[in-house]
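Chemist: Sequence:
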Amino acid sequence: MTKRIVMTFVLIGIVLMIAGCVNERTDPYSMPHQEYGWHEPGFMYPEQYDPSLDSNIVTEFESNGEMIYYTGFNENEQQIPVSGGPHWLYVHGGSCVSCHGTDGKGGVPIMMGTVIPPDITYETLTAEEEHEDEHEEHPPYTDETIKIAIREGKGPSGEELDHTMPKWDMSDADIEDLIAYLKTL
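Numbering of the sequence shown is given in the UniProt record's numbering, commencing with residue 1 and proceeding in unit increments.
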């Protein structure tokens, strides 16, 4: 009898794993061209969503960099791999706009974060005056140090950025497009 119970649990486990894999491959929320609803940024629960209200969610993009900034996907509909950062980034998807806002100016605390996301507009990042954050003063960013911040989570002086800053595994073309978009903010 014990062997039969064990085999039943093993079979149930296998069925659940297969069902989970099928759901992962067909989950409509993992696609960048999804229709938004209650799960769009700013709505934690379905009962908070009011479809009669106008949404400020951008769904059409003028450039690959803008698409990456808003969705975390590139123009080939490939999700940009990420490590580190907030756990919800993996669960619900996310992108630069999730923390730094539509205007790139940050300033709003993120869930489970320890710092307020900074202004990442190109003009602010590359300004000549000394920058000061909670760690130390640092020189202005350059295109190369912006790439390092995005890919490695390090500031222009080599200091580690806050642990809530994800490390994006972005191709050279995608990161160039993203930086070009930051220049428009």
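Bear in mind the hints are in silico, worked out from the structure with no lab data behind them. You may find that some hints are simply not true.
Lysine-lysine pairs mimicking DSS-like chemistry, simulated, CA-CA at most 30 Å apart [claimed, not checked]:
id, residue 1, residue 2
1, K183, K167
2, K147, K183
3, K3, K105
4, K167, K154
5, K147, K167
6, K105, K183
7, K154, K105
8, K147, K105
9, K183, K154
FRET-style restraints, in silico, Cβ to Cβ [said to hold, decoys possible]:
id, residue 1, residue 2, range
10, G158, L16, 26 to 32 Å
11, E77, E144, 42 to 48 Å
12, R4, T114, 50 to 56 Å
13, H87, V10, 39 to 45 Å
14, G13, K183, 47 to 53 Å
15, L11, T142, 54 to 60 Å
If you're wondering where the values come from, they're calculated on a predicted model, not measured in any experiment. C-beta atoms are modelled at their ideal positions from N, C-alpha and C, and glycine is treated no differently.
Chemist: With reference to the structure, classify each hint as holding or not holding.
Modeler: Results for each hint:
At most 30 Å may separate the alpha-carbon atoms for a hinted pair to count; K183 and K167 meet this at roughly 20 Å. Between K147 and K183 the CA atoms are separated by roughly 14 Å; this keeps the pair inside 30 Å, and the hint holds. A threshold of 30 Å between alpha carbons decides the hint, and for K3 with K105 the separation of about 61 Å lies outside it, so the pair is violated. For the suggested pair K167 and K154, the alpha carbons sit about 9 Å apart, so the restraint of at most 30 Å is met.
Between K147 and K167 the CA atoms are separated by roughly 10 Å; this keeps the pair inside 30 Å, and the hint holds. Of the pairs offered as hints, the one joining K105 and K183 holds, with about 13 Å between alpha carbons and a cut-off of 30 Å not exceeded. Taken as a hint, the K154 and K105 pair is honoured in the structure, with Cα atoms around 19 Å apart against an allowance of 30 Å. Straight-line distance between C-alpha atoms of K147 and K105 comes to about 18 Å, which keeps the hinted pair within the 30 Å bound.
Proximity of K183 to K154 is assessed by CA-CA distance (about 20 Å); at most 30 Å being required, the pair is judged to hold. For the hinted restraint 26 to 32 Å between G158 and L16, the CB-CB distance of approximately 46 Å leaves it violated. Look at E77 against E144: about 28 Å separates their beta carbons, and that is not inside 42 to 48 Å. Taken as a hint, the range 50 to 56 Å holds for the pair R4 and T114, whose Cβ atoms sit roughly 51 Å apart.
As the Cβ distance of H87 to V10 is approximately 30 Å, the hint placing it in 39 to 45 Å is violated. Hint check: G13 to K183, Cβ distance near 51 Å, so the stated range 47 to 53 Å holds. At roughly 58 Å, the beta-carbon separation of L11 and T142 lies within the given 54 to 60 Å, and the hint holds.
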